[in-house]
Each structure stands twice: as C-alpha cells, then as structure tokens.
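Participant: With chain A's structure known, arrange chain B on it following the hints.
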Amino acid sequence: MIKAGVIVFPGTNCDIDTKRACEFFGWETNFIWHDETSLDKYDVVFLPGGFSYGDYIRAGRLARFSPVVMALNDYVAKKRGFLIGICNGFQILCEAKLLPGILSVNDNTQFICEEADLLFEDKEITLPIAHGEGRFIVDEKTLSEIKAKKMNFLKYKNNPNGSIEDIAGLWDRENNIIGMMPHPERAIFAETGNTDGRVFFEMLSMSLRGEALASTWQSIKCGT
Amino acid sequence: MKKYKADIIVTLKKGVRDPQGTAVDMVLKRTGLAENAEVQVGKFFTLSVSGNNESDARNKLNKICEDVLSNPVLESYEVERFLEV
Numbered sequence: 001m002i003k004a005g006v007i008v009f010p011g012t013n014c015d016i017d018t019k020r021a022c023e024f025f026g027w028e029t030n031f032i033w034h035d036e037t038s039l040d041k042y043d044v045v046f047l048p049g050g051f052s053y054g055d056y057i058r059a060g061r062l063a064r065f066s067p068v069v070m071a072l073n074d075y076v077a078k079k080r081g082f083l084i085g086i087c088n089g090f091q092i093l094c095e096a097k098l099l100p101g102i103l104s105v106n107d108n109t110q111f112i113c114e115e116a117d118l119l120f121e122d123k124e125i126t127l128p129i130a131h132g133e134g135r136f137i138v139d140e141k142t143l144s145e146i147k148a149k150k151m152n153f154l155k156y157k158n159n160p161n162g163s164i165e166d167i168a169g170l171w172d173r174e175n176n177i178i179g180m181m182p183h184p185e186r187a188i189f190a191e192t193g194n195t196d197g198r199v200f201f202e203m204l205s206m207s208l209r210g211e212a213l214a215s216t217w218q219s220i221k222c223g224t
Numbered sequence: 225m226k227k228y229k230a231d232i233i234v235t236l237k238k239g240v241r242d243p244q245g246t247a248v249d250m251v252l253k254r255t256g257l258a259e260n261a262e263v264q265v266g267k268f269f270t271l272s273v274s275g276n277n278e279s280d281a282r283n284k285l286n287k288i289c290e291d292v293l294s295n296p297v298l299e300s301y302e303v304e305r306f307l308e309v
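Residue numbers (the numbering used here), protein chains in the order written: chain A, 1 to 224; chain B, 225 to 309.
Just chain B, same shape as in the assembly:
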C-alpha cells in the first residue's frame, strides 16, 4: 500500500450566491484594498489516503470528497496537492 497526502479546497459552485464572499468583497472595497475582488469563501481540508497505486488512492479520495467533504448539489471541490509520502 502506498500513502498519499492530499489538500482539498471546497467552494460553492459557480452561480450559487456566496454571501460570505460578498461580505468580504464589501470590506475590501470599503477599506480601499481592492475593487471587485470576486472573493469566494470555501473550506480547506488536508488528509492522508492509502491505495495500491496512485489511481486507486485518487479514486478513494474522490469518493471522500463527493460523499463527505462537499455536497455536490451546491459545492465543487479541487484537489490542490496530491503527494506520495
């Protein structure tokens, strides 16, 4: 079995209103730090996953992301880092 470390970012799908992102956007505008920063607020996860090979481990990771870490109805996820340890 090989072990991998993965980082996952979950955000709201395009088209789903993100009130937290809008709130941060407004603060950035008010403080003069940025205009139309298009902030999206999401969640970050880091975890270990094992598998016989990389594709086996990636399949397990995708199932974890779809079943537990995100809700496919309104969220999408991206695997930001996937490294053998």
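Excised from the complex, chain A in its bound form:
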C-alpha cells in the first residue's frame, strides 16, 4: 500500500483536505509534525497549503528552517519518493531551493480565490487557486533550464497573477519534486463540484506503482 505523509506547520490549513484526498485513493496517510527528522517510511510527502509561520517575512521563508524541511533534503537526495508542495508548499520548496525561482506578490496585489483553467501537460483541467503570492519569477537562464528539462508541466490558460510563461507548477522529474499553486486536493469529491484534481493523484499513483506514464496517460479521465 502507498504510504503518504502530510507535513503540518503552525499555520498550515490544507492538511486535512490533503489527507482526505490521499485516503480517497486508498493511501495510508499520516500527518507529520514539523519537528520530524526522518521521512524514510513515506512513499510520497506533501507540503500542503496554508500560511506556515504566518507567512512572516515572506511566504515559506521561515518554514524552510524547520527540522522537517532539513529532512526533506535527505529524502530527495536518497530519491526515496515523491515530494509534492501545494500552494504554500510550493513557496516553501522555492525558498528551500528544492525548486528553482521564487513566488512573489500577485500582479494585481490581491488575494486571488477562484477556479483556474489550466493546461496539465496537454490536458485541459480546472482547479481552485487561492493565493496572494503566486507570481512565479525566475531569471532568463534558469527559465531556459526549466524549459529544457520540461519542468513547466502546469500552466495557466488565463494567467491570473503575472507568472512568467504562465507557470502554475513545476516538476523536477530527476528528483521527483512537484510544486504547484493550484489545489488538486480541493477538487476530489463530487460534492465540491469539481473532480479534476483526481487526475493529479491518479498520475502519482501510477508513478508510485512504477507504471510507465506515457502508455497510461491517455487512459486517465479528467473529471467524472
């Protein structure tokens, strides 16, 4: 059985949604407190959304000094499993330099809370977004590296926050690290009116079971 861990910082608020989403796919799921120092037992680790440490100084800036983020460096170095940062989790991954670039204040200075139309690889999906600091910024040189490595797997169709190249999420395929501003965990249950988030968890399930993505990708249905 796939074993998932959801990291909880003071100020995290999407931990329960993320755990429920994992459990919907039959994954055994635990919360991980931010002072944990070993993550070896998890096949997939989530940095969920919220406002870790109140977003003080900058979103994600203080969380990166917590013991569990130090442990994540080890988890990634060993290539133990998948590391997924959603929203505030993406901000933490960038602050911790586990992903390139940085997320800054939205172009319109507002907190944006809406359904965003996205391109997930070549699929059109809709996922909720909810962030004040989601504008992805990166220098030209790093941007060309991102494109060369096909890391920009998730893009906005109608860029809401001014992100460079409409980037909504990055996937470091060598190190199995994914960071994304949209919230797939909020689009799992039919009651929420949107189940497009399932495609993301199904993709992870297949990767974790070692199935080749290319051959099965087309079999994933978006929504229901």
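Fair warning: there could be bad hints in the mix.
Not everything, but these chain A residues come out facing chain B in the computed CB check (under 7 Å) [claimed, not checked]:
#1 Ile102
#2 Gln110
#3 Ile112
#4 Ile137
#5 Glu140
For the record, the hints were derived by calculation from the structure and aren't laboratory data.
Keep in mind that this is a model prediction, so the values were computed, not measured.
Glycine included, C-beta positions come from ideal geometry on N, C-alpha and C.
Facilitator: Below, chain B alone, put in the same frame as chain A:
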C-alpha cells in the same frame, strides 16, 4: 562581546516588478499628491546583534539578512543604522 542595534530595510531588486509600489503610485496620482513618485514597498526590521568587534557583528548581521530576512533571488537589503549599545 559588544552589542549593536541595527535597522534593516528589505526591498525588491531593481527590475523586479513591485505591484504594491505601483498601487500606491496610482493612489498618489489619483489624489493629486504626487506624480511618478516611484514608490517602492519594502520591509523594515530592527534587531540586536552581538560580536567580538564591529566587523564580527556586521558579518553576523549580513548572514541574518541574506539567509532569513531577505531572499537574494528577488530582494536586496540595506543596513540603515548600526550602533553600539
């Protein structure tokens, strides 16, 4: 050990778009208080730092600024005040 008080201002680097600054600029223009005020919004920190001497304390302060208070990818910092207390 000597103790110093420092004030630090963190702002976005030149060339990084500052939407908060632009918003304040627009308000200044609309109210007629200023045209092209080139507002930059940043953060202010005041803190104490100890060291064997001034240069030791300044080195510690720079590390604090680079590692914690700012993100060198898009922000720069200035030490506005550095006084022995």
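Participant: If a hint holds in the structure, say so; if it does not, say that too.
Facilitator: Outcome of the hint check:
Interface restraint check: A/Ile102 against chain B, minimum CB-CB distance 5 Å, threshold 7 Å, status holds. Because the closest C-beta pair between A/Gln110 and chain B is about 9 Å apart, greater than 7 Å, the hint is violated. Against a cut-off of 7 Å between C-beta atoms, the interface hint on A/Ile112 is violated, since the closest Cβ of chain B lies about 12 Å away. This hint holds: A/Ile137 has a C-beta 6 Å from the nearest C-beta of chain B, less than the 7 Å allowed.
Of the supplied interface hints, the one on A/Glu140 is violated, with its beta-carbon coming no nearer than about 12 Å to a beta-carbon of chain B, more than 7 Å.
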